[in-house]
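Enquirer: This is what each chain is made of:
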Amino acid sequence: MTYPPPPCPADVRLALADLVTAYAMAVDDIGNAAGVASLFAPDGCYDLTSLGMDRIVGRTGIQGFFETAFATMASNAHFVGNVALGACDATAGTAQVTAYGHAFSLGTDGTLLEVKARYAFDLAQHEGTWRIARLGMTMLLPPVHIPAP
Amino acid sequence: MTYPPPPCPADVRLALADLVTAYAMAVDDIGNAAGVASLFAPDGCYDLTSLGMDRIVGRTGIQGFFETAFATMASNAHFVGNVALGACDATAGTAQVTAYGHAFSLGTDGTLLEVKARYAFDLAQHEGTWRIARLGMTMLLPPVHIPAP
Amino acid sequence: MTYPPPPCPADVRLALADLVTAYAMAVDDIGNAAGVASLFAPDGCYDLTSLGMDRIVGRTGIQGFFETAFATMASNAHFVGNVALGACDATAGTAQVTAYGHAFSLGTDGTLLEVKARYAFDLAQHEGTWRIARLGMTMLLPPVHIPAP
Numbered sequence: 001m002t003y004p005p006p007p008c009p010a011d012v013r014l015a016l017a018d019l020v021t022a023y024a025m026a027v028d029d030i031g032n033a034a035g036v037a038s039l040f041a042p043d044g045c046y047d048l049t050s051l052g053m054d055r056i057v058g059r060t061g062i063q064g065f066f067e068t069a070f071a072t073m074a075s076n077a078h079f080v081g082n083v084a085l086g087a088c089d090a091t092a093g094t095a096q097v098t099a100y101g102h103a104f105s106l107g108t109d110g111t112l113l114e115v116k117a118r119y120a121f122d123l124a125q126h127e128g129t130w131r132i133a134r135l136g137m138t139m140l141l142p143p144v145h146i147p148a149p
Numbered sequence: 001m002t003y004p005p006p007p008c009p010a011d012v013r014l015a016l017a018d019l020v021t022a023y024a025m026a027v028d029d030i031g032n033a034a035g036v037a038s039l040f041a042p043d044g045c046y047d048l049t050s051l052g053m054d055r056i057v058g059r060t061g062i063q064g065f066f067e068t069a070f071a072t073m074a075s076n077a078h079f080v081g082n083v084a085l086g087a088c089d090a091t092a093g094t095a096q097v098t099a100y101g102h103a104f105s106l107g108t109d110g111t112l113l114e115v116k117a118r119y120a121f122d123l124a125q126h127e128g129t130w131r132i133a134r135l136g137m138t139m140l141l142p143p144v145h146i147p148a149p
Numbered sequence: 001m002t003y004p005p006p007p008c009p010a011d012v013r014l015a016l017a018d019l020v021t022a023y024a025m026a027v028d029d030i031g032n033a034a035g036v037a038s039l040f041a042p043d044g045c046y047d048l049t050s051l052g053m054d055r056i057v058g059r060t061g062i063q064g065f066f067e068t069a070f071a072t073m074a075s076n077a078h079f080v081g082n083v084a085l086g087a088c089d090a091t092a093g094t095a096q097v098t099a100y101g102h103a104f105s106l107g108t109d110g111t112l113l114e115v116k117a118r119y120a121f122d123l124a125q126h127e128g129t130w131r132i133a134r135l136g137m138t139m140l141l142p143p144v145h146i147p148a149p
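Protein chains in written order, with this note's numbering: chain A, 1 to 149; chain B, 1 to 149; chain C, 1 to 149.
Quick caveat, the hints were computed from the structure, so don't treat them as lab data.
Think of the CB as a built atom: it goes at the ideal place given N, C-alpha and C, for glycine as much as any other residue.
No false leads were mixed into what you were given.
Just so you have them, the derived chain C footprint on chain B, three or more residues with Cβ under 8 Å:
#	segment
1	7–17
2	23–35
Pair ranges (Cβ atoms, derived):
#	chain 1	residue 1	chain 2	residue 2	range
3	A	P142	B	H145	20 to 28 Å
4	A	D54	B	T129	47 to 55 Å
5	B	T91	C	G58	47 to 55 Å
6	A	P143	B	P149	18 to 26 Å
7	B	P42	C	G64	48 to 56 Å
8	A	V57	B	P149	46 to 54 Å
9	A	T72	B	G64	42 to 50 Å
10	B	P147	C	T108	26 to 34 Å
Just need the whole structure built from these sequences, with the hints factored in.
Expert: Here's what the structure looks like:
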């Protein structure tokens with residue numbers, strides 16, 4: 001935790017939070033894997049190594065990951081919050097934020113997965129728009145698996 | 001999902017989010033149906049048609065709806081987040097935002113209802129203050145009904 | 001609920017929300033009781049009287065409280081949101097905000113506690129940084145105790 005956070009203009013603060021929210025909504029738009037990938041920089045990294053999974057670099061790979069993931073999902077709800085600024089260089093167009101996600105994922109098999117995670121975002125401006133340069137995540141609490149009713 | 005969102009001054013962004021939060025707190029202030037209705041424009045619309053329910057227009061009707069709804073509620077907790085800007089015309093005083101709500105409602109009969117919903121807000125300035133011109137909602141995941149313990 | 005909220009500069013609004021988020025993250029950083037205490041003003045008050053518990057004044061006492069509390073906690077996740085401005089005097093450096101917290105606490109004994117609470121923050125600038133002058137809380141819904149699996 002960094003408190004107080006580094007100085008950062010209010011409009012940049014809001015733009016960074018917009019991208020975090022856009023990510024949450026994109027992963028809930030099941031079937032639109034290209035939409036998730038578009039939020040990343042072209043060479044952006046989706047880093048799941050701290051969960052024992054892959055580190056995926058580039059929009060094509062990220063889109064492929066979500067195409068596979070979406071195939072077994074019926075409905076998602078990702079609530080993000082606790083957006084905290086760790087670094088901000090508005091001139092260079094780079095920033096770091098952490099956020100919490102409380103996520104529910106209903107599988108096509110009827111099972112429900114509930115996750116409380118902490119996201120670490122490296123964000124960067126690309127052609128005038130903030131994109132995800134790297135997204136990592138860790139679990140705040142063990143995931144909860146609820147069998148189909 | 002609209003990313004990046006349209007330009008909108010930071011103070012307007014914060015004012016729009018204030019109204020979303022005020023709505024969540026108002027529906028948790030059980031018994032104060034007039035408080036909920038006051039957040040709507042005089043000709044505001046509470047549109048539950050996508051849930052198979054009514055489309056209510058005007059503060060009197062909205063107040064009546066909440067008087068009925070509150071009668072069977074003991075305690076509520078509406079957590080709102082993921083506030084995303086879809087449209088903003090600061091000059092005209094109109095905006096559109098979506099938001100997520102994670103809501104818990106404890107009935108007077110001891111049952112607990114848990115809802116994950118997506119709100120669609122049309123917001124408009126009325127006499128200098130942002131009010132709800134229309135509020136629609138859809139379910140992100142099926143509601144969960146928990147029997148009384 | 002105060003709607004619309006009192007006027008307050010956007011950068012102050014963001015700074016107040018930063019402190020609320022920092023508090024949530026600090027109580028999830030189990031073992032770092034000094035980190036929680038540092039968010040309070042030197043004479044800050046952690047007021048749990050509305051929960052039938054103590055009213056603790058000063059950083060030393062607050063740190064001690066959290067040292068004891070953390071001793072039985074394995075993992076926490078505090079999601080805060082619904083940050084609403086009740087008062088703001090940017091010149092004097094004082095403000096009041098309320099916020100909601102959806103908190104999960106996994107005990108060292110494997111039990112899980114889920115809380116939906118409403119926080120009342122009195123915030124004040126101390127040596128140029130916003131700190132917690134007083135934090136009170138009430139329950140929005142009864143806490144849920146989930147036995148160890």
